[in-house]
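Peer 1: Sequence:
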Amino acid sequence: KMQDQESELEDFLSQINKSEDMKVQEQQRLQEEAKQQAAKREQQEQAAQNAVQARPIELTPLKGQVDLRWYGHAGFKLSFIDEQDQHRNIYIDFWADSPETPAEDKKSPPNDCDLALVTHGQLDHSSHAPFLMMHGKKENRRIVCSSELGEYYQQAKKIPKPFIAQMQKGGTRDFGFCTVTMVHADHPSTCDEGKQTIWAGH
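Residue numbering for the sequence shown follows full-length UniProt numbering, beginning at 1 and increasing consecutively.
Pair by pair, the computed Cβ-Cβ distance ranges are:
id	residue 1	residue 2	range
1	K107	K158	18 to 28 Å
2	A38	K158	48 to 58 Å
3	Q37	S108	37 to 47 Å
4	A185	K106	20 to 30 Å
5	Q168	A34	57 to 67 Å
6	H87	E42	40 to 50 Å
With a straight-line cut-off of 20 Å between C-alpha atoms, the simulated EDC-like cross-links for lysine to aspartate or glutamate are:
id	residue 1	residue 2
7	K137	D85
8	K169	D186
9	K169	E151
10	K158	E148
11	K77	D67
12	K77	E100
13	K137	D112
Keep in mind that the hints were calculated from the coordinates and are not lab data.
Using N, Cα and C, we set each Cβ at its ideal position, and we do this for glycine too.
Modelling step: build the complete structure from the supplied sequences, incorporating the hints.
Peer 2: Below, the structure written as structure tokens:
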């Protein structure tokens, strides 16, 4: 009987030890997970601090000079004084939802657009050109794009035809203060309108 009792006691103590070991292992696992999460948060915070942000710098270009402003992603703004001393602004692939777009342009799209050049129909390049037309103040403002994309803007976005200058690859168009040539690029594009995908050319 004594041997049986001793054996039972040993089993009991062994189970307690195993339980304690499991608790220690679980605590170690939780501590390791907490360290990993803290390290991940630190990396994310550091990446956010290092992210390049476009700064809203408004410049008045001198005649004969062109000022270039980056709006993030593929978006740019060209500003210059033309031969008639008019201040001109050309936007290329303006996308207000870009993380680098200045906050004031996210709240209210620019109203000084003369031309909005759209390279292709993917939304991060083409989706905000209509806003430049709707909010614009310049009488002869235009979206310059492929024929397919121009049709999409008219039908889906209800942009009046006079605000759209449709072009084909290899074509050149004179807008008075500048000329635009559409060159070939191997980049097919589509536009998503609800559940429908619309071909927007190359």
